[in-house]
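Let's have the full structure, built from the sequences with the hints guiding it.
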Amino acid sequence: MPDTTQVPLVERRLRWAGFLIALGLIVQLMTFIWIHPLAFIGFAVVGCPLTGAGILLFLYSLVLPPTIAFGGLKEITGGVNARGSSSRSLPG
Amino acid sequence: MEVVFVGIVVALAILMATRPELTRVRGGKILAFLTLFILPVVAVALGYSEHMERATSTQFCLSCHVMNDFGRSLYVDDPSYIPAKHFQNNLVPREHACYTCHTDYTMFGTVHAKFRGLRHIYVQYFGKVPAPAEIKLYSPFNNRECLHCHAGMRAFEEEPKHSKAPDTRSLINSNQLSCTSSHCHDTVHDVGTLSSATFWKGGQ
Chain A
1 MPDTTQVPLV ERRLRWAGFL IALGLIVQLM TFIWIHPLAF IGFAVVGCPL
51 TGAGILLFLY SLVLPPTIAF GGLKEITGGV NARGSSSRSL PG
Chain B
93 MEVVFVGIVV ALAILMATRP ELTRVRGGKI LAFLTLFILP VVAVALGYSE
143 HMERATSTQF CLSCHVMNDF GRSLYVDDPS YIPAKHFQNN LVPREHACYT
193 CHTDYTMFGT VHAKFRGLRH IYVQYFGKVP APAEIKLYSP FNNRECLHCH
243 AGMRAFEEEP KHSKAPDTRS LINSNQLSCT SSHCHDTVHD VGTLSSATFW
293 KGGQ
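Chains as they are written, first to last, in this note's numbering: chain A, 1 to 92; chain B, 93 to 296.
Check each hint, because a few of them may be wrong.
[To be verified] Some chain A residues close to chain B (C-beta under 7 Å, calculated; not the full set):
1) 15
2) 25
3) 28
4) 29
5) 35
6) 37
7) 43
8) 55
9) 56
Simulated from the structure, these hints should not be mistaken for laboratory data.
The structure displayed is predicted, hence computed values, not measured ones.
Glycine included, C-beta positions come from ideal geometry on N, C-alpha and C.
Take a look at the structure:
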């Protein structure tokens, strides 16, 4: 079991966003199998909201400053550079 | 095509979900933006379009049990049944037979038809489903839907009954005299009479 506390929060949000979008689109793919009103309802009520939630979570992760927890040290950063370290930090 | 595209987007979304650290580099950020925003929006739009297209198919309309008799009425071996005559002679596309006559040819006709469809689903699963013979249109059939094709047709224009009285044509055009009026084209689906009808065996 990976230690998720070592993963930057922004990446955890991206992970959830990816899962939600993938799940929503898989539901959408499944609704293509069946030509029936319930297939449309499944698309509109399950597939679209899941995908939309994933997209919103992704956008949310872009606009909010990511709070990163590295081994008990809480850091607030304006962005993550290429090495994954934060550009500014505050002691937690 | 939509299925392939959506499948690719799913694969990319799973990649981003399992490897979020890809976003630590510039290329990964661009990939994340495409995979988690642009492509899903396109995929949902395509899915919506595909479902809207499917919703116009005869198979879709007849997929509810209560519509079975209306589907059978398309095969009645009697040209006085207006839907049967149109369906069997390819006067409407067979794959979209219901939609062709039962959508409103107005600016928001398609959207209006979809909302009615949502209401049908609600009634099917949460309401009291009427017997097929008791199903009525929400509003009387508008001549506009007939005239969408028939206006200007030689057979329609030269039909003596359509100009029997000086104002007949204007009454038809203004929807004051319904095409499905008694003694005109008044045999439509008439599902209550199907038990005694004979059916066309072709076209199945």
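Here is how each hint holds up against the structure:
{"no.": "1", "hint": "15", "verdict": "5 Å, holds"}
{"no.": "2", "hint": "25", "verdict": "5 Å, holds"}
{"no.": "3", "hint": "28", "verdict": "5 Å, holds"}
{"no.": "4", "hint": "29", "verdict": "6 Å, holds"}
{"no.": "5", "hint": "35", "verdict": "5 Å, holds"}
{"no.": "6", "hint": "37", "verdict": "5 Å, holds"}
{"no.": "7", "hint": "43", "verdict": "6 Å, holds"}
{"no.": "8", "hint": "55", "verdict": "6 Å, holds"}
{"no.": "9", "hint": "56", "verdict": "10 Å, violated"}
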